[in-house]
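Peer 1: Spelled out, the chains give:
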Amino acid sequence: MTETQEPLLCVEGLTIEYQIAHQWQPAIHDVHLSIMPHEIHGLVGESGSGKSTLGAGILGDLPPLARHADGHIFFEGRDLATLTPAEWQMVRGHRIAFVPQNPLEALNPTLTIGTQMAEVTRTHLGLSHKDALKQAGEMLAQTNLPDPIATLQRYPHQLSGGQQQRVMIAMALSTRPRLLILDEPTTALDVTTRAVILELVRTLIREKEAAALYISHDLGTIAQLCDTVTVLYAGEVMETASVQSLFAKPLHPYTSGLLASLPSRASGDQSRLATIKGAAPSLVDRPTGCVFAPRCPVVIDKCAEKPPLERIEGQRSVRCWRWHEIAAGTLDPRQPAVPAALETTRSSDEVVLSVGHLRKTYQDGGFWQSKSGVQAVSDVSFNVPRRSTIGIVGESGSGKTTLARAIVALTEADAGSLTLLNQPISLHLAHRDASTLQNLRYVFQNPGDSLNPYHTVRSAIGRTIRHLRKDEHSTQDVEQTLQQVLTAVGLTSAYADRYPSQLSGGEKQRVALARAFAAQPALVLADEPTSALDVSVQAVILNLLKDLRAQADASYIVISHDLDVISYLADWIIVLYLGEIMEQGPNSQVRHAPMHPYTEALLMSVPTIPDGTSSKTTLSAKDAPPLLQGDIPSPRHKPSGCPFHTRCPRFLGDICVTQTPPVRAGENGHEICCHIPLDELRTLQTGGA
Amino acid sequence: MQTSLQQFFSVSRLSRTLRLLTADRAASVGLVVVLFYIGIALFGPMLAPHNFAQVVDDPAKCLTRSSGDVRCAALKNAPPSSANPLGTDRNGRDMLSRLLYGGRETLGLPAVATFFAVMLGMALGLYIGYVGGWPDEILSRLIDSLLAIPALILALVTLATLAPSLAMIDSPIIQSLGSTSIAIIIVITLLYTPIVARVVRAATLALRDSGYVEAAKLRGESTAYILFREILPGVMPALVVEGALRFSYAIFLVTSLGFLGLGAQPPSPEWGRMVLDARSNYAEAPWTLWTPVAAIAILVIGVNLLSDGLQRVLRGGPDND
Chain A
638 MTETQEPLLC VEGLTIEYQI AHQWQPAIHD VHLSIMPHEI HGLVGESGSG KSTLGAGILG
698 DLPPLARHAD GHIFFEGRDL ATLTPAEWQM VRGHRIAFVP QNPLEALNPT LTIGTQMAEV
758 TRTHLGLSHK DALKQAGEML AQTNLPDPIA TLQRYPHQLS GGQQQRVMIA MALSTRPRLL
818 ILDEPTTALD VTTRAVILEL VRTLIREKEA AALYISHDLG TIAQLCDTVT VLYAGEVMET
878 ASVQSLFAKP LHPYTSGLLA SLPSRASGDQ SRLATIKGAA PSLVDRPTGC VFAPRCPVVI
938 DKCAEKPPLE RIEGQRSVRC WRWHEIAAGT LDPRQPAVPA ALETTRSSDE VVLSVGHLRK
998 TYQDGGFWQS KSGVQAVSDV SFNVPRRSTI GIVGESGSGK TTLARAIVAL TEADAGSLTL
1058 LNQPISLHLA HRDASTLQNL RYVFQNPGDS LNPYHTVRSA IGRTIRHLRK DEHSTQDVEQ
1118 TLQQVLTAVG LTSAYADRYP SQLSGGEKQR VALARAFAAQ PALVLADEPT SALDVSVQAV
1178 ILNLLKDLRA QADASYIVIS HDLDVISYLA DWIIVLYLGE IMEQGPNSQV RHAPMHPYTE
1238 ALLMSVPTIP DGTSSKTTLS AKDAPPLLQG DIPSPRHKPS GCPFHTRCPR FLGDICVTQT
1298 PPVRAGENGH EICCHIPLDE LRTLQTGGA
Chain B
632 MQTSLQQFFS VSRLSRTLRL LTADRAASVG LVVVLFYIGI ALFGPMLAPH NFAQVVDDPA
692 KCLTRSSGDV RCAALKNAPP SSANPLGTDR NGRDMLSRLL YGGRETLGLP AVATFFAVML
752 GMALGLYIGY VGGWPDEILS RLIDSLLAIP ALILALVTLA TLAPSLAMID SPIIQSLGST
812 SIAIIIVITL LYTPIVARVV RAATLALRDS GYVEAAKLRG ESTAYILFRE ILPGVMPALV
872 VEGALRFSYA IFLVTSLGFL GLGAQPPSPE WGRMVLDARS NYAEAPWTLW TPVAAIAILV
932 IGVNLLSDGL QRVLRGGPDN D
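One line per chain: the protein sequences are A and B, in this order.
Yeah, the first sequence ends on 1326 if you go by my numbering, and it's all consecutive.
Yeah, the second sequence ends on 952 if you go by my numbering, and it's all consecutive.
Everything labelled a hint here was simulated from the structure, so no lab data went into it.
Accuracy of the hints is not assured; some may be wrong.
Claimed, not checked - Which residues of chain A face chain B? A partial, calculated answer using Cβ under 10 angstroms: (1) Gly915; (2) Lys939; (3) Val1045; (4) Pro1084.
Cβ coordinates follow ideal geometry from the N, Cα and C atoms, glycine included.
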């Protein structure tokens, strides 16, 4: 790999503005960015930070009502603003390629994969259709798609999300571009698929000697993939550094705040996550000085003046007045850690909810068609002790949401039993009495969707209190409880009269939590409570969930695809795969050997973020099993024997295909459903063999 | 506690809708036209110089009787003049006065019928959309089969049988409103209820599985509460737009029936009827045909502009700025 001194892409003082209410407002302001050949450059920022706008600006593909107001973009030494449409044709899709976030939207559903891939090389490289198809097949083979030639004949909807994204990557690389812009290419994918795609992107970019701009909100993937990283906040560059130095020693208070808010960085079971106060400014109310000043814990008077983007050494630059102090170690930009709310004696033996042999099969096929069943949840049993948090983790299609909906009876289970506070409860919502409804509250995945846009916060919460709290009927009582729960979730009473459209994503989730706790439930089920939120907001909500549990005498069932979130919150973890429990046990034990091969694979797929102690991250340790290949099978064609045998890296042989694995009991109620004995698993996983 | 419907119709919402409508050029033209016509329907008869059935005297053809009273011949087919700004028809009636009087029937019947159709269609659509299953299957197929019959033909057949039967009923309400008017209202309600119900059903389906409806179920709310408080506000924009569109079609239908001689009967100044009366008179007095035709055309265009504008404005969903 030869390094040339001339950067491949150089963005200088770029400002892009959007027209809002007849006024031009900068979405990105004075952005400097340079990418050397062969460099993978990460661009990280929360939603609204302007990272996608920057990507679109480099591609010369700004949306209507946006304009390139100031600055230059040099690519291979040429100013892109001077290009004619014909010259753009030669650059876009050829020299600069793009991989979008949602492949299904980017692929034409009416054309085969082969036709669409061939079109790129025919247009840009002048290949004949036959040669182009041949080349497309070769490219697909390089992305490790099984049976690439057959894939060329398929239509986009016949491929899974991971396969579609492989096609997009193959298509983008087919012209051997110098620069690849990837806009959140793995956000829509499952953890295990995401890890595989990331490794593929890294290998292919290296192989094709391209450079890449990788746009993401996820610090983990950035850490895993990129060489250098630029942190964007409110449309301005806060800091640029190599991945190692950024994660080891962030110089900007925003970067340190962001890093501290990751649940994987929580130091221990009792700690709270550090959070960044306030919310990011909208396009119309950007601060005139330092954009981060209103939220900065170490703000000084000078911050009313905009700091310059100072170049420190090499690639590293930072936009902060106080970076010298931070670099010297005399100033700690992190929020002072707030001790966790004191939790009284935790989980007792008393069982709040007992789930017994719960099953749910979705029947499809209409009136005239033959019925076929999709087993979403099969034979799931577990107990929820008082004051405990059960974490349910699994990929999409694992049946975790169906399980939660069956417990609250939004989906009717086919068989099984539910016992709430020692009383058997019905599987049908219509047969449940008010006290069951009151004791079992559900927090929806999407806070925006679970609040009626035509109802105020007062109406949403008040209605719950009036309906489910039998002791409170008078208007004053309801109002008093309303104020209490709003305070408990950290909202002022002014929020009572707001409509959901006047709330931010994090505030909506607070209201949803307030609504759940207003009923004084015994058990709260939260389905992906933070998946729709930004990292810094996620930290706030996770803290809140912990605090509420300490204050209210409630248990939780938390469902997430994110192992970090689950292990931050839960005492007891249940790992679900194709509707079956693969492993369950105490938090500390599930994450350590011996563990189920699927749990092991999930843990492997979670990107580890360097904290400065390790020098360089590697995707997988040398003796670790390879990442999970392929996709989670459709529950319609559930594998026989052990459902995981089709992807299992520790596959034994026929026994896994033909026989249902036994449940092997470990210590403290730890259970693993596998044919491999626990001792053997431990030996395999600790690398002692 | 403010209810959701109050919120939908709250002063701030209405003023916001109005502000956005007036910012839209086409919609504001529609709004002005519709308001103008509503003014005619309400105050027209008070402003009219003559009664709709009154024959205007021709001052050139007057005779003074021996008893002293003056008897004049009717001013037939007079072109527009200062005395009769829109001329007179072949019976010598003032066209302007007839137009001003006719507004009530031409706008009133469609308005009442549309109101009934919207109310019934809303209830029906909400119910079958939310409950689904067999009620939805049966009622949806019934609606489909009703929609398969051309509207005008269905209207003609129903009207031909309904109006005479209604006339036989000895009821003061029917007597005062006229059996034909009541029959027309019933026919239009019958025709448009299924159409409105289909639109509401589709909008309800989209909201049925939303998180807030499920949240309401988990609170143990009644079906009626979920339908009218949780779902209806979200369906309202589609309903308002569809109502405005149905209104413009209803105007067409009422005037068409009048033109075919099945609706309003002479000497009614209903505009469709006026077109029918003027048709055979076109060679002598073209203005008697053009004025009611223009009145109907401008009204329908205005209502359509307004309903398009409403669609643009309400589509954005709730925004409580």
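Peer 1: The structure should be examined with respect to each hint, and the outcome stated for every one.
Peer 2: Hint check:
1. The beta carbon of Gly915 of chain A comes no nearer than 22 angstroms to any beta carbon in chain B, farther than 10 angstroms, and the hint placing it at the interface is violated.
2. Residue-level restraint check for Lys939 of chain A is violated (minimum Cβ-Cβ distance to chain B is 35 angstroms; threshold 10 angstroms).
3. Because the closest C-beta pair between Val1045 of chain A and chain B is about 6 angstroms apart, less than 10 angstroms, the hint holds.
4. For the restraint placing Pro1084 of chain A at the interface with chain B, the shortest Cβ-Cβ distance is roughly 8 angstroms, inside the 10 angstroms limit, so the hint holds.
Checked against the numbered hints above, the structure breaks hints 1, 2 and satisfies the rest.
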